[in-house]
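**Student:** Quick mapping for you: the protein sequence lines, in order, are chains A and B.
The numbering of the first sequence is my numbering, which starts it at 787 and goes up by one.
The numbering of the second sequence is my numbering, which starts it at 787 and goes up by one.
Keep in mind that the hints were calculated from the coordinates and are not lab data.
Beta carbons: idealized from backbone N, C-alpha and C, even for Gly.
It is possible that some hints are incorrect.
Unchecked claim - Here are some of the chain B residues that sit facing chain A, going by a computed Cβ distance under 10 Å:
id: 1; residue: Phe793
id: 2; residue: Val796
id: 3; residue: Glu797
id: 4; residue: Ile861
id: 5; residue: Gly882
id: 6; residue: Pro884
id: 7; residue: Ala893
id: 8; residue: Ile896
id: 9; residue: Leu965
What the hints assert, rightly or not - Quick list of simulated restraints, FRET-style, between CB atoms:
id: 10; chain 1: B; residue 1: Gly1039; chain 2: A; residue 2: Pro811; range: 34 to 42 Å
id: 11; chain 1: A; residue 1: Pro811; chain 2: B; residue 2: Gly1066; range: 36 to 44 Å
id: 12; chain 1: A; residue 1: Val796; chain 2: B; residue 2: Glu1060; range: 45 to 53 Å
To be verified - Computed list of lysine to any residue pairs in SDA-like fashion (alpha-carbon distance at most 25 Å, straight line):
id: 13; chain 1: B; residue 1: Lys1069; chain 2: B; residue 2: Gly828
id: 14; chain 1: A; residue 1: Lys990; chain 2: B; residue 2: Phe809
id: 15; chain 1: B; residue 1: Lys1045; chain 2: B; residue 2: Ser955
id: 16; chain 1: B; residue 1: Lys990; chain 2: A; residue 2: Pro811
id: 17; chain 1: B; residue 1: Lys1080; chain 2: B; residue 2: Arg916
id: 18; chain 1: A; residue 1: Lys990; chain 2: B; residue 2: Glu917
id: 19; chain 1: B; residue 1: Lys990; chain 2: A; residue 2: Glu917
id: 20; chain 1: B; residue 1: Lys990; chain 2: A; residue 2: Lys1069
id: 21; chain 1: A; residue 1: Lys1069; chain 2: A; residue 2: Asp789
id: 22; chain 1: B; residue 1: Lys990; chain 2: A; residue 2: Phe809
id: 23; chain 1: A; residue 1: Lys830; chain 2: A; residue 2: Glu986
id: 24; chain 1: A; residue 1: Lys1044; chain 2: A; residue 2: Arg993
id: 25; chain 1: A; residue 1: Lys990; chain 2: B; residue 2: Ser915
id: 26; chain 1: A; residue 1: Lys830; chain 2: A; residue 2: Lys1045
id: 27; chain 1: A; residue 1: Lys990; chain 2: A; residue 2: Cys1063
id: 28; chain 1: A; residue 1: Lys990; chain 2: B; residue 2: Arg1078
id: 29; chain 1: A; residue 1: Lys799; chain 2: A; residue 2: Lys1044
id: 30; chain 1: B; residue 1: Lys1044; chain 2: B; residue 2: Leu1067
id: 31; chain 1: B; residue 1: Lys990; chain 2: A; residue 2: Asp812
id: 32; chain 1: B; residue 1: Lys1080; chain 2: B; residue 2: Met874
id: 33; chain 1: B; residue 1: Lys1079; chain 2: B; residue 2: Glu797
id: 34; chain 1: A; residue 1: Lys990; chain 2: B; residue 2: Pro810
id: 35; chain 1: B; residue 1: Lys990; chain 2: A; residue 2: Lys1045
id: 36; chain 1: A; residue 1: Lys990; chain 2: B; residue 2: Asp812
id: 37; chain 1: B; residue 1: Lys990; chain 2: A; residue 2: Asp789
id: 38; chain 1: B; residue 1: Lys842; chain 2: B; residue 2: Lys1045
id: 39; chain 1: A; residue 1: Lys990; chain 2: B; residue 2: Leu1067
Protein chains: 2
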Amino acid sequence: MIDIERFLEVERKRINLALGQYFPPDAPPAVSAAMRYSLEAGGKRLRPILTLAAAKTLGSEDDADLEVACALEFIHTYSLIHDDLPAMDDSNLRRGIPSCHRVYGDAMAILAGDALLTLAFETVAGYGSREGYERKAVRIAAELSAAAGAAGMIGGQALDLDAEGRDISLSEIDRISALKTGALLRAAAACGGIAAGATEQQLKALRAYGSNIGKAFQVVDDLLDYESTTEELGKPAGADQVRFKATYPAFFGPEGTKKRAESFYNEALSALNELDCPAGLLKGLAKKIIDRKK
Amino acid sequence: MIDIERFLEVERKRINLALGQYFPPDAPPAVSAAMRYSLEAGGKRLRPILTLAAAKTLGSEDDADLEVACALEFIHTYSLIHDDLPAMDDSNLRRGIPSCHRVYGDAMAILAGDALLTLAFETVAGYGSREGYERKAVRIAAELSAAAGAAGMIGGQALDLDAEGRDISLSEIDRISALKTGALLRAAAACGGIAAGATEQQLKALRAYGSNIGKAFQVVDDLLDYESTTEELGKPAGADQVRFKATYPAFFGPEGTKKRAESFYNEALSALNELDCPAGLLKGLAKKIIDRKK
């Protein structure tokens, strides 16, 4: 029986300790302070956790997996910093504290985001500098860049901006969610698989799993924004409605949205059957995502 | 005898044709249009040219070198898009036409920059997906990310922002220039070397060469901004003075600045002696940088 709470606690601690260790030591303090501020603001560390859980599920006990996991968190944190900018979502609060640009100014927040995105690939290159890791590092860089780039997360953000303030179809909402959130979660699971030496079939299963928990995550996110207070969320609640953003509750109402989350959850679980190994950890993670309250 | 003009013409054409080929085909048009706009606005293509020239100097005739070269241009173009944003240098004109955010808005310009940075590493990963190229790709990703990141180009931009409107020392100007411009030119030369299988001594020479032509380039850039009209430059002239930015002419006057450019040029040439192969092409490039009028 896997103790998911224990796994989360131990791995979050390892991740939090490791994140600062890949910073270039000779970076000017102005920019590294802004990078650290957003990284250390907390957060669930869902993406790096997912990478480590996928690797562990396939039997990896390699300490180097942690570098791959941290690369995922760097990309996620950069995306939050840029999304919060006045030119984008204009959000003053993130993870319960003022967002990066509110503390360091817009210019430094742009640079801190750029630097974290770059650091993600520097960290993957560091991972690949070990003898015998080169091919895995190249595949991880390919997976990550495709997921984070114009046909992935950034593309989703572009579609989301484009959709603001106008009626959009359900298939558009689905596509935005799949790109904005699903792509990076899918890559998080797949990168853990690559690090662990997954077969093609296992990688396919991990991608389907990641993609579906990404969808479930976005649905729950929208629901929490719809139902919660700002204090509970740690970021402005109801912001989606104020900005007329494309969300699931606007389409299905809260009850229909919950059902949708459950259906993605079930799809994620059935993808795991193709892994051909015990996947209690990944199942537990999916459950946590469905049940989360913030 | 090397025909530098012919080399530049042929290679620029190859680069311009290639740049669009690495775009993910399924990216939303909104963001790829903004990416293309800035890429196709022209520019000297100095960084990819430098990569190809370094590789050719060491005897490489590999078509795949072009991918590495394009990655350098993606990073350079992203940095221009973000630098021009209102929150940063607030520049309306770039390469003779309205800058990216003036056409596509600030939000899309931020995303286009992010996407080009990501595309650089996706392209390097594509380069490394060939059998036997994995190790070179990892080393190129390491070189590029270090040069572009918080301890390189982004760090230089952060220092530059920090220095605006106050008196700074010559050593600070030197450091800003070395990071803002020198780091990526150094990486451009080094990445060409890595692609060509350079020895450690040759890589060291290429880095010293690139670093010094980077310094020369920045000095000439400052001088052109000081002396030119907006029409000649294709970007707002005199902008540095208006913003009280740290520049060489403000320190040495125009004549002293020219001498400084020549001294960096001479250092670049002497670094080439350590290459142990004919380096007429790289010498010719350095001369072009010193003599350029825009």
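**Student:** Of all the hints given earlier, name the ones this structure violates by number, lowest first.
**Tutor:** The structure breaks hints 1, 2, 3, 5, 6, 17, 20, 23, 28, 29, 35, 37, 38 and 39; every other hint is satisfied.
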